[in-house]
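Student: What follows is each chain in one-letter form.
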Amino acid sequence: MLMPRIGVFICHCGHNIASVVDVEKVVEFARGLPNVAFASHNLYSCSEEGLGAIRKSIEDNKLDRVVVAACTPRTHEPLFRRNCERAGVNKYLFEFVNIREHCSWIHAKEPEAATRKAMNLVAMGVAKAGLLEPQSEGESNVIPAALVIGGGIAGLAAASSLVSQGIETHLVEKQAALGGMLNEIPVVGPEMIESKDLIENYKRALECSPKAHVHLSSRVSSLSGFIGNFEATIQGGRCDEKVKVGAIIVATGGREFVPNGEYGYGSLPGVMTQLELERRLARGEIPKKVVMIQCVGSRQPGRELCSRVCCNASIKNAIRILDADPNAEASILHRDIMSYGTAAERAYKDASEKGAKFYRYGLEKIPSVKRKNGGLSVEFYDETLDELVALDADTVVLSTPILPVEDVKEIAKMLKVPVDKYGFFLEAHVKLRPVEFATEGIFICGSARWPSSVSECIAQGLAAAAKASIPIREGKVVIEPITAYSDPEKCIACGNCVLACPYEAIEIVLMDGKRKARVNEAKCKGCGNCVAACHNDAMEQKGFDTRQLAAMIDALIKNALEVSQ
Amino acid sequence: MSDFNPTILAFCCNWCSYAGADLAGVSRLQMPPNVHVIRVMCSASVKPEYVFKALSQGIDGVLVLGCHIGDCHYLTGNHRTAKRFPLAQKILRNIGIDERRLRLDWVSAAEGEKFQQVITEFVAEIKKLGPNPLREVRL
Amino acid sequence: MAEIAFTELKADHLLTTCRGHGNVGPVFASKGEDVGEVTLDVPYQLVTILSMIYPWVPQGKIAIVARRCDEKALNELVKRGIFDAARIAIIGLACDAEQIAKCSCSDPVPSKVHIGTPNKGVDSDELTVKLQSMSSEERLNYWIGQFRKCNKCFACTTNCPVCFCEDCVLEERTFVAEKGIPPGLAFHLVRSFHMADKCIECGECERSCPGDIPLLTLRKMVLKDMKELYGFSPGDQKSVSPLLTTLEGEPLEGDDHVC
Chain A
1 MLMPRIGVFI CHCGHNIASV VDVEKVVEFA RGLPNVAFAS HNLYSCSEEG
51 LGAIRKSIED NKLDRVVVAA CTPRTHEPLF RRNCERAGVN KYLFEFVNIR
101 EHCSWIHAKE PEAATRKAMN LVAMGVAKAG LLEPQSEGES NVIPAALVIG
151 GGIAGLAAAS SLVSQGIETH LVEKQAALGG MLNEIPVVGP EMIESKDLIE
201 NYKRALECSP KAHVHLSSRV SSLSGFIGNF EATIQGGRCD EKVKVGAIIV
251 ATGGREFVPN GEYGYGSLPG VMTQLELERR LARGEIPKKV VMIQCVGSRQ
301 PGRELCSRVC CNASIKNAIR ILDADPNAEA SILHRDIMSY GTAAERAYKD
351 ASEKGAKFYR YGLEKIPSVK RKNGGLSVEF YDETLDELVA LDADTVVLST
401 PILPVEDVKE IAKMLKVPVD KYGFFLEAHV KLRPVEFATE GIFICGSARW
451 PSSVSECIAQ GLAAAAKASI PIREGKVVIE PITAYSDPEK CIACGNCVLA
501 CPYEAIEIVL MDGKRKARVN EAKCKGCGNC VAACHNDAME QKGFDTRQLA
551 AMIDALIKNA LEVSQ
Chain B
1 MSDFNPTILA FCCNWCSYAG ADLAGVSRLQ MPPNVHVIRV MCSASVKPEY
51 VFKALSQGID GVLVLGCHIG DCHYLTGNHR TAKRFPLAQK ILRNIGIDER
101 RLRLDWVSAA EGEKFQQVIT EFVAEIKKLG PNPLREVRL
Chain C
1 MAEIAFTELK ADHLLTTCRG HGNVGPVFAS KGEDVGEVTL DVPYQLVTIL
51 SMIYPWVPQG KIAIVARRCD EKALNELVKR GIFDAARIAI IGLACDAEQI
101 AKCSCSDPVP SKVHIGTPNK GVDSDELTVK LQSMSSEERL NYWIGQFRKC
151 NKCFACTTNC PVCFCEDCVL EERTFVAEKG IPPGLAFHLV RSFHMADKCI
201 ECGECERSCP GDIPLLTLRK MVLKDMKELY GFSPGDQKSV SPLLTTLEGE
251 PLEGDDHVC
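Chains as they are written, first to last, in this note's numbering: chain A, 1 to 565; chain B, 1 to 139; chain C, 1 to 259.
It is worth saying that the hints were derived from the structure and are not from the lab.
Sample of chain C residues at the chain B side, in silico, Cβ under 10 angstroms:
#1 Q132
#2 S135
#3 V176
#4 A177
#5 P242
For glycine and all other residues, C-beta sits at the position ideal for the given N, C-alpha and C.
All chains should be built: construct the whole structure from the sequences, respecting the hints.
Tutor: Here's what the structure looks like:
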């Protein structure tokens, strides 16, 4: 049997790895590992130059397996696999070792130990690579339809984009009308656009298209499947509707955080949230003396987020009030004004020129709101003036953060996608894989992802639609060969695997008159539960073979235990 | 004992704990360099046999990190994980190997800080327990 | 014996132990054949023998002499589809007090007793109690001392009725790193884990071990833990191993299941 010829490539990742890990030492070490025919390093392995250097080394040294020690496989594994394929090496004879997120970045002050650990990790990767087997990919058809959960502005943008591409789209909205939170905000700044025009624009696009199926007052009650083949049950109306789609976009939006009695909310008349102010302004009730307090319930211990849109909302509303009544008084108490971008900065200046006053307060001494002479008085410590200030007001507006909708945990569980500590959905990678989840085929946009302005919601909705359309247009997706399979020579059909499988993908059948376990590849999702349940290693998972993992453990023992002391 | 540097193995699942570990890295959360991660698709694919092998050959500690119960990417995968490892711990205890050398915990993709905390705590605990007595034992 | 098997239980074959050639050994006799001098005073793992011959007996019902532990072993194997329950008939054998003491058996009476007088079980095993009161260092030293005697004869696995894999994973190098003897602790740790949800405490492993390693005691310790952790004891006709089931009925939220 031919011995494998492994090529090991250690990445500098610029400074990211090389500033802590002695890359050349690791290369030297790798050269001495069993079955390593070649080892070298690259400044940026993922660059065209780096990838080309790897391909050349494969060719020059007749390598048949590749190990790259760099960042995380969760981002670049597909890239390096494709690179191997280009050089004539089966994509699955590639192993990724993480020496950045799991090493140089977390042991920045211990370069010697980090280098030692990188060597151990490389030894483990090489041990696995030596036992990898070539695999071929399966293909699965993609149902040419999409599901958009949430009919707010992000969902509307996404759905209309999909529909304009000719893709059958189901838009599910839990309220009786489309528009989401935007329905409560008649004018959107800084450009002062009428939101009902925006909503109408997208609604019309959907109404005009036979490809759009809008489900109002409805919810997705259950979901199963995987990219290309999802099945969802839409509940609402007289009966449940089951739809089959190839991709899903989550646009469930957010809700305004309602204060818990802070600043007299609920007890003092005239104290309200921004959305409540919007309603008053829409009715023509313009306050004479308004004080807006920013960062209520945000940017504080326990809820550190900045909701990003409230400063601009306050500025917009201050301008509306001052335009309607130039004699009105508008004050904004803030802890920083987040008016990013030219238009928003111009609006900030505008508001100031129209007479709005901006006061800075600190978290240590927050403002207090009291009754005064039939109205209200807001007392606060101004950080710039370094003194206590009291303002009279008839209206006090609290700018509170956008938080995820109440049922976000249910949705996350149904889709099996992660959320952060606030309940916002966690995308796969903020720069390399925005607007998509790590789970293939499911995308995320709008304030469900993070508090976003209307234009940001629209951009994200369009981005998600663009990404979702890719598998739908291709018509098929590649299935990674990580399914389980049973060796009939070893299997004694004890049934452990059948019971352990969460997908009921295994059954006991007769093979040559003997009972044996058989995995249904179409149902198998590659979790490996059956492998752990099997006592005699009859069941194995492609790419995570027991012998490969045992070899990794042996490599760690050999390099860490027998060398140290 | 003060210069005992434990060698620790950790199994992390692709969807939750491995991603949480990546997040800890991206956030530059510093932690002791004793833990070596093996990536698996699901914590339920981690065979207790790996733990027994590692500990009997001298590894000082083994961590198995999966998704929180109810959040497993593979539905109920981690339910079996939750059942296998407490039993594995008992077996270690029955033989006389300190069961604290095996730890099962749940770390989500968003919990970079929890990952840092688990690693830091576990390394400190193993340091206190001392080197695995089986390092020196050749039966 | 023949009466019970062929008339009462309407079996076509009988598996029991007999004295012959100066030894006690298993005998498989069909209806009409001479069974021989039946001897039941030496414990013998007939369920293991049944597993070996079952594929070669394509038809007919087999009556097997079974103690309570053997009956439980049969249940575990029937649950896994290794035997067809309709083809097995149990001749219940109640153990005598001497045997019960030797095994420290807590559950010695089969569901239906055909032979022997039922006796009470014993509550605890002396060696188990002694080991559990030791410090972990003492306990480890005890087991290392015992396992030094292991010469990988595989008598324990071969004779065990519920150890059913034909190719045992302990024969390979995947988990047991040592080529020579004695094998490392991984051998015994892995075996304990595999047996945890199937062992019915028949004691054949300990009786077969040429090194006199107290294997039954180790099995009992693990079974006690299984009972405490999951309320599960192997041997009934319906229960599925808790290691393979979900946490249904148990709280899904929270981190209660870390250890």
